[in-house]
Each structure stands twice: as C-alpha cells, then as structure tokens.
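J.: Letter by letter, the chains look like this.
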Amino acid sequence: MLERALLSPISGRGEQGPRQLARRRQLVAQNAPLVVAVVLVVGMLAIYIVLYAISLSAFPGTFEAASITDHAIPLSLAAVGQTMVILTRGIDLSVGGMMDLTNALAALKIQGGFLTEALWTVIILLIGAAGGLLNGLLVAFGRIQPILVTLGTLSIFQGLALWVLPSPGGHVATGYTSLFLNPNAPSALLWVILLGLAWVAFRRSRLGVQIFATGNDEQSARANSVPVIRTRLLVYVLGGTLAAGAGVALATTSTGGDATGGDVFTLSSIAAAVIGGVSLFGGRGSAVGAICGAFVLTVLIDILFFANVDPLFQPFFQGLFLVLAVGASTLVGRYLMRRR
Amino acid sequence: MSSTAETPPTPSRLRTTLNPDRRKIIYGFAAVVALFVLGDILKPGFATASGIQQVLQVSSFVGLVAAGQTFVILVGGIDLSVPWVLNAAAIVMIAQASGSNGQLWLGIVVALAIGLAFGVVNGLGIALLGVPAVVMTLGMNGIAQGLSLGVTHGLTCSGCTKPPPMTLVNLMTGKTGGIYTSLLIWLAVIALVTFVLSFTTFGRRVYAVGNSQRVSHLAGVNVKVVTVALYGLSGVFAAMAGVALAGFGGGATVGMGDPYLFQSIAAVVIGGTYILGGRGHYLGTVAGAIVLTTLVSVLLATNAPNYARDIVYGVVILVILLLYGRGRSEA
Chain A
1 MLERALLSPI SGRGEQGPRQ LARRRQLVAQ NAPLVVAVVL VVGMLAIYIV
51 LYAISLSAFP GTFEAASITD HAIPLSLAAV GQTMVILTRG IDLSVGGMMD
101 LTNALAALKI QGGFLTEALW TVIILLIGAA GGLLNGLLVA FGRIQPILVT
151 LGTLSIFQGL ALWVLPSPGG HVATGYTSLF LNPNAPSALL WVILLGLAWV
201 AFRRSRLGVQ IFATGNDEQS ARANSVPVIR TRLLVYVLGG TLAAGAGVAL
251 ATTSTGGDAT GGDVFTLSSI AAAVIGGVSL FGGRGSAVGA ICGAFVLTVL
301 IDILFFANVD PLFQPFFQGL FLVLAVGAST LVGRYLMRRR
Chain B
1001 MSSTAETPPT PSRLRTTLNP DRRKIIYGFA AVVALFVLGD ILKPGFATAS
1051 GIQQVLQVSS FVGLVAAGQT FVILVGGIDL SVPWVLNAAA IVMIAQASGS
1101 NGQLWLGIVV ALAIGLAFGV VNGLGIALLG VPAVVMTLGM NGIAQGLSLG
1151 VTHGLTCSGC TKPPPMTLVN LMTGKTGGIY TSLLIWLAVI ALVTFVLSFT
1201 TFGRRVYAVG NSQRVSHLAG VNVKVVTVAL YGLSGVFAAM AGVALAGFGG
1251 GATVGMGDPY LFQSIAAVVI GGTYILGGRG HYLGTVAGAI VLTTLVSVLL
1301 ATNAPNYARD IVYGVVILVI LLLYGRGRSE A
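Line order of the protein sequences matches chains A and B. For what it's worth, the numbering used here labels the leading residue of the first sequence as 1, then goes sequentially. For what it's worth, the numbering used here labels the leading residue of the second sequence as 1001, then goes sequentially.
Fair warning: there could be bad hints in the mix.
If the Cβ cut is set under 10 Å, some of the chain A residues that face chain B in the computed set are [to be verified]:
id, residue
1, VAL42
2, LEU93
3, ASN216
4, PHE316
5, PHE321
6, LEU331
Far from chain B by the CB rule (all over 10 Å, computed), these chain A residues [as the list claims (entries may be wrong)]:
id, residue
7, VAL122
8, THR153
9, GLY327
For the record, the hints were derived by calculation from the structure and aren't laboratory data. Using N, Cα and C, we set each Cβ at its ideal position, and we do this for glycine too.
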C-alpha cells in the first residue's frame, strides 16, 4: 500500500521533491536484492578466475565457461520455476521429484530421430505441467498449505520416477545433447539469456503482474479483481513445466538417467532463489536473480575445488555461504528500510 | 444486559473439551487403529501385541525428531537441519564411546550438547539476524553435513566405525517388563513434552509467539529467547534420535538422518498442527508419527514394490490433509 502511494503519479512531478527522493529510495529497496545477486555473481566469477589463474597459471577459457553454464542450466530452470511459486508466497518441494521423473523419462525416451525426440520433449513438458496442475489444484481448491501439498506430491513423483526407471541407465540421444552441451563454447548461455529475457517480458504481462499482486497482498489483489485462485493454479503449472525442463536439461548434461538424480534440486532451487534475492514472504524477487543464484551456487563448487578444499567439507562451505549471504542481505535490507 | 436479551448458546462441555484441534488428535489415533485393522486383514498376524510394539518402536524415532519439529512449527518456523544434526550426533556418540560402556554416557552428553549447539545457532540466526527459518536451517544442515564428513574423513576414522556400546544396544533393543525400553523412553518424552506444552508458562509462551509475535512481545514475552530455546530443543531432540538410532541400528552411517526430515514434518502436520504456527499439540504429532510408520509397515506387509509404496505414501498424506488439514474458506 505504501508503495502504491509512493509510486502514484500524484506525487510531485518535475521538481526534486521529498516524494521523488522517497520514490528513488523505494526503487533502490525494491531492486537492491537483485543488485546484490548480480554483484555476487561477478564477485564469485572474479574469485574463480583468480584461483584458477593461481593454481593452473592460465586463465579459464571457453571450455571452463561452457562447463559452468552446462552445470548451471538445470538449477537455473528449477530455480526460476521455484521463484514463480515463491512469489505467490508458496513453496514447491516437489521440484526434486518432478525432476527425477522427467530426468528418467528423458533418458529413456529422447532418442531415435528428430521427430520422436521433439515429440517426447513436448510430452515430458506436458507431464510437468500436469504435475504442477495437481499441485495447483490442491493448493488453490484443496486449500492445503503449499509446503504440505508438495511434500505429498514429491513422494508421488519420486515413486513414478522409480516406476519409469528402476535402476540408473539410458541416455539422451547424442544429437539432442548438443542443444545444451557444447564443450567448445558456452552456447548454453543462449538458453540462459533467453530465459532471462522471457522473464523480463513475462514480468510485465497480465499474469506476471497478477503473480506479484497475489504475493504482495492477496486481499487487496482480490479486491482489485485479480483472479487469485487462477493465478495460484497457473504458477504451479509454470513451476512444474520449468521443473520438467530442468529434468530434461539434467538428463542432457549428465551421462545417464537416474530416478533419484533430481532429489537435491528441491532444496538447492530454494537456495538459489533466496540467494538471488527472492523473498520467501512473497511478492519480492526476480527470476533473473534466481538465475544469478544458480550460477553463484555452481561457481562456488568450482571455487572450492580450486581452493583445494576437501570435497567432504564442500557441504560445510555451501551451508556457510548460504547463511552468510542471506544473513548479510537481510541486514542490508534492514538498514535500507531504517534509512527510509 | 437485560435478561430478556438472547444470550448466545453456551457450548456444551463436550464441545469445548473436543474443540476442532483436539478432535484432530482423536482422528489421528483412529487412523492408527484403522491402519492396524487394515494391516491385519492384508497380512494376518500384523496387529498382534508384538507386531504393534515393533511398529511403535520404529515410530519412536520419527516421534523424537518430530517433537523438536513440533516445537518450531508451533512458532511458525521449520527445522530443515534435522537430518545432519541427527547424523552428526550419532557419529559423535559412536566415536566418543568407541565401543566401551564406560564412555557411553559422556558420548551421549557430548552428542546432545552438539545438537543443542546447532539448534541454538539456528535460533540465533533466525531470531537475531532475521534470516528466514527455511534458509537458516537449510544452511546449518549443510554445515553439519560438511563438518561430520570432513572431520571424520568420510566416516573412515578409526572410532566412528565402532559398534555402539552394548549398554546402549540393550537399551534400544531390549525390553523392560515386557515392553521395549525404547518405547518407555518415548513415553517419558511424550509425558514431558505434553507437560511442558500444556501446563507450564513456557508452553503458554510457545502458543502465544506462534499466534502473534507482536502481541506476545507487547504482552511481555521475550520472543527471541523463546525462539532460540525452541530451536535448541529441536537440535537436542534430533541428537537424541541420532543416539537412539545408532543404538538400534548398530552404528552410525552416512545419510541415516535423511528420511527423518520430511517424515518429521509430515508427522507434525498429519497430527493436526497448523504449519503456520500457534495451533496443535505434540500428542497429535505422536499420532502422526505412528500413522506414517504404520502406513509404511502395512505397505511393506503387502509386498508392494518400492515405487508403489512412495506413490501410496504421498496419496495417503494428501488424502489425510484434504480430510482435515484444510485452511479456512477464503471466500
């Protein structure tokens, strides 16, 4: 409500009044998490390059860039899906299960000619949408808390994944993998940029605005004739579809299919979104930030490698990083709020 | 008020005693009975005294973890650090005791202290820094995991592959007066937690903070102290479960705590505790833990394949929630 007052066109035009100053501060507060996320990515990349140069006395080239992007793609997709849901004050724990299922399906079915490969990609994305629809129906009409709905569907999707692919195996057709993988150039960066651009457009679409309205203040949104239930439903459908895309990407960027390979993405997609400045309380955040978060987490692993950290200690530093990054940005946010 | 004015009908004593929250606990235990009957039909001999005791014994581990989870969910939080706090405590206890009964008690104390320490750090991050509980406890889970694996070199150190001391094994697998000793320990915990929640000032404060932090602050409750204490308790309960599991399962293994994250949350919620805090009781969680374990046992008894078990498990959780876990209508 405060924002609306601050951003309304009535606030003095032309002159540099206190309102405009407040408005500019509001803009800073709104976008500060995104700026922090971008700074984090740049900083992490700088640390990575320095460590790489020290330990190998050479600079990372296109191969390294390609490796980082390839590894970051599944997490980026999952984190963007997670962001959509978190923006409406929800959470999707079934991301890991959906990625298990779609990863297994992709490893088994995406092969044997362009037509079948394309067809199965569409089918898998539709399965993701259907799983998301189930989540959405239970949240919007079943009126069960999102965390519980997706806890239940997580188990269902994991079961379906094991049914599809009882033991690890299968692989995506080699021609198909070049869509995502290219050892010589970070061509997968194109997908990331497309994803970011799609978000920038989506953010301004009708549904995009409705998502933010629902997440910010559901009652006001409803009073302003935002179809809250439909928005909720669509957010989970989008989240499921993106998780399915992440599952396909995971099958493509790894050597084979594994019906449990997606499990870790449930929590890491949340971590990526939060590092990217998406507020768990809804209504604040950007998918661009979430993508940044995914890259930060991916580069962090490489940094730990070049810093000669014992791989067994890796989760320690990942956890520490998560706590420190979010703790610091919470403190910065509080400071900005106080100044305003 | 004049005597002619219509006074609102006073709810009968039965209705006040059986408010919706308490009714959920009864439904939970009814579901347990129904599941045992179903299990006995599917596999005759499932619901014998010893069969029931075995299921209850397995439930006690979920029940211990879920005690801490109930506390933090009652104030609207969540503890995702349970798996590796549990695992770390088990490893520390095993390594400290290193197979001898003499060192067992010190091992248990150190393990519980470590659980408390992780929990308190969780609480401090959440209460003082204002980090969301999901993020703070998720990060601490990683920290506990990295420390456990790194310090023990992937659980290859000489002390950490030792079997648990016999005293602990006997305590966890033996019987006292015809009942599993571990069940008696759980009963003591149930009595203690129920007492704390229902009959102490601290318990009242927990519900107050869960209902509204602001109002409880204005009413003189130190919200931060309560929050830190509850996360500390959650760490202690997870550590307790770790010690118990190490004794029951014959040692510490990597990943032994992983199943207990989602199971503890599910037990709390199936037991009727409101995920956003302020309403619910540990007795409901107890019912939830037994429901989940019985369900898994029934599914195991039917010899259903793994994948079918996962699917049925998820469907049953959702059905139970649809029956009584729904929020108020948002018309």
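J.: Now tell me if each hint is right for this structure.
T.: We went through each hint and held it up to the structure:
1. Interface restraint check for A:VAL42: the shortest CB-CB distance to chain B comes to about 22 Å, outside 10 Å, so the restraint is violated.
2. The interface hint given for A:LEU93 holds, since its Cβ lies 8 Å from the closest Cβ of chain B, which is under the 10 Å cut-off.
3. Because the smallest distance between the Cβ of A:ASN216 and any Cβ of chain B comes to about 16 Å, over 10 Å, the interface hint for this residue is violated.
4. The restraint placing A:PHE316 at the interface with chain B holds, with a minimum CB-CB distance near 2 Å, inside the 10 Å limit.
5. The interface hint given for A:PHE321 holds, since its Cβ lies 8 Å from the closest Cβ of chain B, which is under the 10 Å cut-off.
6. Using the Cβ-Cβ criterion of 10 Å, the hint placing A:LEU331 at the interface with chain B is satisfied: the shortest such distance is roughly 7 Å.
7. The beta carbon of A:VAL122 is kept farther than 10 Å from every beta carbon of chain B, the shortest such distance being approximately 25 Å.
8. A:THR153, annotated as away from the interface, has a beta carbon of chain B within 10 Å; the closest lies near 6 Å.
9. Against the 10 Å criterion, A:GLY327 falls within the reach of chain B, whose nearest CB is about 5 Å from its own CB.
Checked against the numbered hints above, the structure breaks hints 1, 3, 8 and 9 and satisfies the rest.
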